[in-house]
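J.: Sequence:
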Amino acid sequence: MGMDTEAVERIETLIGEYRHFTEENRNDDGSWLHEFGSWLQRGNPPHQAGTHAGLGADDAMIGMFLVSLNNLTRSRLNKLIHDTPFANIMDYHFLKLLDGHGRQRKTDLIANNHMEMTSGIEIIRRLLKNGWIGEETNPEDRRSKYVSISPEGKLLINQLQVQFDDFYRSFCSGIDEGQKADVVRSLELLITRI
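Take the position in the sequence shown, starting the count at 1, then add 103; the result is the number in this note's numbering.
Every clue listed holds true.
Below, a list of computed lysine-lysine pairs in the DSS-like style, where the Cα atoms sit at most 25 Å apart: (1) Lys248 with Lys209; (2) Lys257 with Lys199; (3) Lys182 with Lys232; (4) Lys199 with Lys209; (5) Lys232 with Lys248; (6) Lys199 with Lys232; (7) Lys257 with Lys209; (8) Lys199 with Lys283; (9) Lys232 with Lys209; (10) Lys182 with Lys199; (11) Lys182 with Lys257; (12) Lys199 with Lys248; (13) Lys232 with Lys257.
I should point out that these hints are in silico values taken from the structure, not numbers from a laboratory.
Based on the provided sequences and hints, a complete structural model is requested.
T.: Here is the structure:
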């Protein structure tokens, strides 16, 4: 089953616009996607949504943007994490979630981060080994354990708070509050449907 003709044309147009953009801008510092999006917004007509049979142009564009966003985010995260004691961004996310919501069952913490169990357990073991979280047996179900942020973990995320806040803020530069609210609603919709 192939994409409809309109979807292919939109993708070809996007690729052409990207080629044109790269001829004008030779920036290899990893910020190309944000700059390309800004460039498109300044110089091209707004996207015309439509309904299509099967995988339409909108579906393809959403998928392409999500993949590109994932790649861009991963690249920028690697630079951010390099200067911290964390192995990856999920170390920070687990600590932030525990700091904000208090102790949680291990399985709930992993599920709340939309992770596979084995990957989540690996992160929890690493956080325990570093002394950033503590664990205790669930008195209602001895098979499960609670984890909570330790004083050392709280101190660490407080020390790195500004750095991480600036990182997250950089994704929203140039977006007004109303647009941010729209993005949040759209992302919440996508994450609950995937």
